[in-house]
Amino acid sequence: MSLDQLLVQLPAVVVNAEQAQRVLNGSPIFPIGVGQLPPAHSTVSVRLKDEAGQLLAIGTHDTSGVGSIRIRKVLSLLSH
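Anchor point for the sequence shown: position 34 equals 278 in this note's numbering, and the numbering is continuous, going up by one each time.
Derived by calculation from the structure, the hints in this document are not laboratory data.
Certain hints may be false.
Said to hold, decoys possible - Calculated cross-link-like contacts (lysine to aspartate or glutamate; reagent style DMTMM-like; alpha-carbon spacing at most 20 Å):
{"#": "1", "residue 1": "LYS317", "residue 2": "GLU262"}
{"#": "2", "residue 1": "LYS317", "residue 2": "ASP306"}
{"#": "3", "residue 1": "LYS317", "residue 2": "ASP294"}
{"#": "4", "residue 1": "LYS293", "residue 2": "ASP248"}
{"#": "5", "residue 1": "LYS293", "residue 2": "GLU262"}
{"#": "6", "residue 1": "LYS317", "residue 2": "ASP248"}
{"#": "7", "residue 1": "LYS293", "residue 2": "ASP306"}
{"#": "8", "residue 1": "LYS317", "residue 2": "GLU295"}
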């Protein structure tokens, strides 16, 4: 079973190539699609995936602030 399958309970956010590079560098992102996440009181953990569906990282989406996703753990070392 893949790590992505084990984390299926976390909402997935698909990022474009530019955002994927930021994710792999551990930088916060402001993805389009964040509005599709379930409402939360403050923060929600999410899976960050590239456009090919590869799991890149786990992040925390701050729903009470500006909507950024902070990277908590980078899981992929592939260059994009």
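Cross-check of the supplied hints:
1. Straight-line distance between C-alpha atoms of LYS317 and GLU262 comes to about 18 Å, which keeps the hinted pair within the 20 Å bound.
2. For the proposed pair LYS317 and ASP306, the alpha carbon gap of about 16 Å is at most 20 Å, so the pair holds.
3. For the hint pairing LYS317 with ASP294, the CA-to-CA distance comes to about 15 Å; that is within 20 Å, so the pair holds.
4. Restraint check for LYS293 and ASP248: the C-alpha separation of about 9 Å stays at or below 20 Å, so the hint holds.
5. Pair hint LYS293 plus GLU262 holds up; C-alpha atoms about 12 Å apart against a cutoff of 20 Å.
6. Of the pairs offered as hints, the one joining LYS317 and ASP248 holds, with about 13 Å between alpha carbons and a cut-off of 20 Å not exceeded.
7. The straight-line distance between the Cα atoms of LYS293 and ASP306 is roughly 18 Å, inside the 20 Å bound, and the hint therefore holds.
8. This hinted pair checks out: LYS317 and GLU295 have alpha carbons roughly 19 Å apart, not beyond 20 Å.
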